[in-house]
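K.L.:
Given the coordinates of chain A, assemble chain B onto it according to the supplied hints.
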Amino acid sequence: MEISTEEVKSVSVMAVSGRVDSATAPDLETSLKKLVEAEKTQIVLDLKNVEYMSSAGLRAMVSTLKAVKRVNGDLRLASPSPRVEEVLRLAGLTSIFSIHPNRDEAVASF
Amino acid sequence: MERKLSVPGRYDRLEQICDFVVQAATEAGLSDADASRCQLAVDEACTNIIEHGYGGENRGRIEIICEGADGEMTITIQDWAKRFDPSSVPEPKLSATVEDMGIGGLGIYFMRQVMDAVEFSYENGSNKLVLVKRREE
Numbered sequence: 001m002e003i004s005t006e007e008v009k010s011v012s013v014m015a016v017s018g019r020v021d022s023a024t025a026p027d028l029e030t031s032l033k034k035l036v037e038a039e040k041t042q043i044v045l046d047l048k049n050v051e052y053m054s055s056a057g058l059r060a061m062v063s064t065l066k067a068v069k070r071v072n073g074d075l076r077l078a079s080p081s082p083r084v085e086e087v088l089r090l091a092g093l094t095s096i097f098s099i100h101p102n103r104d105e106a107v108a109s110f
Numbered sequence: 001m002e003r004k005l006s007v008p009g010r011y012d013r014l015e016q017i018c019d020f021v022v023q024a025a026t027e028a029g030l031s032d033a034d035a036s037r038c039q040l041a042v043d044e045a046c047t048n049i050i051e052h053g054y055g056g057e058n059r060g061r062i063e064i065i066c067e068g069a070d071g072e073m074t075i076t077i078q079d080w081a082k083r084f085d086p087s088s089v090p091e092p093k094l095s096a097t098v099e100d101m102g103i104g105g106l107g108i109y110f111m112r113q114v115m116d117a118v119e120f121s122y123e124n125g126s127n128k129l130v131l132v133k134r135r136e137e
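Protein sequences, first through last, are from chains A and B. For the first sequence, the working numbering gives the first residue as 1, with consecutive numbering after it. For the second sequence, the working numbering gives the first residue as 1, with consecutive numbering after it.
These aren't lab readings, by the way, just hints derived from the structure by calculation. There may be inaccurate statements among the hints.
Mimicking EDC-like on lysine to aspartate or glutamate, the simulated pairs with C-alpha atoms at most 16 Å apart in a straight line are [what the hints assert, rightly or not]:
#1 B:LYS4 x B:ASP19
#2 A:LYS48 x A:GLU105
#3 B:LYS4 x B:GLU67
#4 A:LYS66 x A:GLU37
#5 A:LYS69 x B:GLU99
#6 A:LYS66 x B:ASP100
#7 A:LYS66 x B:GLU99
#8 A:LYS40 x A:ASP74
#9 A:LYS69 x B:ASP100
Across the chosen pairs, the derived CB separations fall in these ranges [what the hints assert, rightly or not]:
#10 B:SER121 x A:ALA38: 32 to 38 Å
#11 A:ASP104 x B:GLU119: 43 to 49 Å
#12 B:ASP32 x A:ASN72: 38 to 44 Å
We put the beta carbon where it would ideally sit given N, CA and C, even for glycine.
Chain A with its partners taken away, still in its complex shape (with noise of 0.2 Å):
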């Protein structure tokens, strides 16, 4: 997994690549507390490349989710692949995120 963060305006654009699971998941948690810690809370996650993802990448995501709503941020998802969409749905997660066809709609919407 690799992990790159840029500022675009006033959000974190944080591009994922490969893949998220139970060995990946605590180093994308650990860069998205760092953002939130830095008071950066209004985040697009830029899931385009990410080739697969378990419950672990998902909780990664909740976690990161509850502390920036906590401040009045978000965190929004851009581009996730058919087999991440669908895991996010088998989770309820559809609803509870954001979800934007692109990184720059995603930017766009805060």
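P.N.:
Below, chain B without anything else, positioned relative to chain A:
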């Protein structure tokens, strides 16, 4: 077709396990989407074995056997951790709001959602999980 993989219980082996399962599923004639569902079920099962069964990494082995043909695959996952009682795992708390959401217990829930059969047993000192996936006609 029967394939067998035996690995130490470590999270960095999940990718190897998943690759093994996807390849077996494809050879058994399952679709890419169903192979991916098998991958999810096995990943969740092995994560639970490492985290809850063995209580951490490098504490025991996990053995996976894939048997399949003609669009049906049976995956048997065996471990030698403490006895697992699936009825002890609470249902995940799926909720309409993130504040109320508890996301524990998703692993078994996912297995039951994506596989056609999920059966846990314990015999001769080992836990055995049998997962079955059939191609939709």
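K.L.:
Name the hints, by number, that the structure is in violation of.
P.N.:
Checked against the structure, the only hint that fails is number 10, while the rest are satisfied.
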